[in-house]
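With the hints as extra help, turn the sequences into a complete structure.
Chains as they are written, first to last, in our numbering: chain Y, 1 to 415; chain X, 1 to 52.
A couple of the hints might just be wrong.
[Unchecked claim] If we take Cβ atoms under 10 Å as the criterion, some of the chain X residues that face chain Y in the derived model are: (1) 6; (2) 7; (3) 38.
Because the hints were derived from the structure by calculation, they are not lab data.
Computed from a predicted model, the values in this text were never measured in an experiment.
Glycine included, C-beta positions come from ideal geometry on N, C-alpha and C.
Now for the letters of each chain:
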Amino acid sequence: MMTVETTQQLSSFRAVRVSEHVYWVGAVDWTIRDFHGYATPHGTTYNAYLVMADKPTLIDTVKAPFFSEMLARIASVIDPARIEYLISNHAEMDHSGALVETIAAIRPERVFASAMGVKVLADHFRLPHPLDAVKEGEQLSLGNLQLSFLETRMLHWPDSMFTFLADDGVLFSNDAFGMHLAATERFADELDPALLTYEAGKYYANILLPFSHLVTKLLAKVRELALPITLIAPDHGPIWRKDPAGIIALYARWAAQQPTNKAVIVYDTMWNSTAAMARAIGEGLAAGGTRVNVMPLSGSHRSDVVTELLDAGALLVGSPTLNNNLFPTVADLLTYVKGLKPRNRIGAAFGSYGWSGEAIGQVRDLLTAAGFEMIGDGMKVKFVPDAAALDECFGFGKSLADTLQQKIATNHTDA
Amino acid sequence: MQFECTLCGYIYDPALGDPDNQIRPGTPFEELPDDWVCPECGAGKEDFSPVE
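Listed below in structure tokens is the structure:
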């Protein structure tokens with residue numbers, strides 16, 4: 001049941017025109033701060049798009065609680081019941097959560113998804129009737145306009161696909177090229193470029209990094225198809241209108257995972273001994289000419305650490321030994337990092353300990369399993385590091401700077 | 001020999017085959033039809049690598 005207040009609120013939700021035939025009809029989520037373990041301090045948007053063709057078509061929906069907001073924005077353009085086709089580019093619930101309700105409200109003639117999307121959506125929802133699978137390269141006529149589809153399996157789910165509206169040059173890219181950023185502005189060129197690069201990078205690092213080799217393949221395919229893309233409309237964050245090639249170039253760079261002259265030092269600490277080591281190693285790296293970011297896990301979210309790792313060539317992880325084990329926050333981070341499959345990076349372990357010191361070896365093993373090229377067995381200091389131990393940490397940092405810069409030079413020679 | 005899907009982590013075990021997709025137990029990876037795809041994520045055979 002709708003209260004008077006929500007009815008009034010709904011009337012303020014309007015669509016935003018994106019191109020000649022396309023309207024943004026999504027939702028802005030200003031309040032979300034934790035997106036399945038990914039910190040979203042700036043909130044996010046769930047983008048849905050209305051294509052005003054002879055057969056009006058809705059591309060993707062929104063997260064379930066935002067159904068009314070989406071419907072109100074659609075209603076500012078047409079009667080939602082006039083929508084004939086519904087397309088799901090991605091089955092994850094931030095885009096499909098409102099699917100069942102949307103189908104019930106607009107009763108579309110047909111609902112389309114990729115072949116894997118049909119299966120994945122069936123595993124999520126009790127849908128009133130089976131969906132239609134569209135294939136790679138297939139054309140769907142909307143009467144006066146044509147849509148085509150490009151499968152993007154495992155970018156980042158099995159069902160993911162792109163939809164392309166050649167008539168307007170709009171690529172509906174689902175989660176690719178997106179970011180978690182709530183704003184009233186709908187276009188990237190209306191927002192601060194540094195913020196966009198950071199948030200797009202954070203999205204890439206936390207969602208797409210494990211599939212980087214597929215991103216490289218997909219970008220090659222998109223180039224080959226020579227799609228006349230004038231506008232990229234992702235499912236989160238702003239639409240790329242002025243310079244869609246810019247975000248594509250950033251993706252190509254991130255996917256290549258070439259090491260850069262930057263190190264991330266991440267640690268937790270009990271009595272500031274591992275912290276002191278982290279600082280000394282960081283000073284050594286900087287003295288050796290490598291840019292450093294020192295991140296205490298007590299105040300750094302895992303999703304921010306991997307964002308810093310995206311353009312770094314080295315990850316140094318420090319852990320005290322607590323009851324014969326690595327510190328729990330460090331285990332959290334390393335589990336997360338392993339799943340994201342970073343490549344072409346060097347790693348090192350360090351930490352202070354009291355009597356047994358197992359954590360350093362555990363960190364080393366976890367970084368090895370995560371694909372890092374490990375440098376040394378790790379720096380261990382018993383209890384509190386003295387001046388000599390800190391000098392050793394400084395020297396370790398400096399030698400790591402050399403190793404990293406040599407690796408970068410070799411990589412460039414190879415390329 | 002078992003083969004792993006490098007995209008999603010699914011393991012093709014020839015002893016089990018892929019009965020849901022008409023692949024009988026005992027079918028080696030090499031004998032899977034060219035159009036066979038990963039039952040979990042839809043990846044093609046070229047995205048599989050042998051498990052040591």
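To see whether the hints hold, each was checked on the structure:
1. 6: Holds - the Cβ of residue 6 of chain X comes within 10 Å of chain Y, reaching about 8 Å at its closest.
2. 7: holds (4 Å)
3. 38: Hint holds; residue 38 of chain X Cβ to chain Y Cβ min 8 Å, cut 10 Å.
Against the hints set out earlier in the document, no violation occurs for any number.
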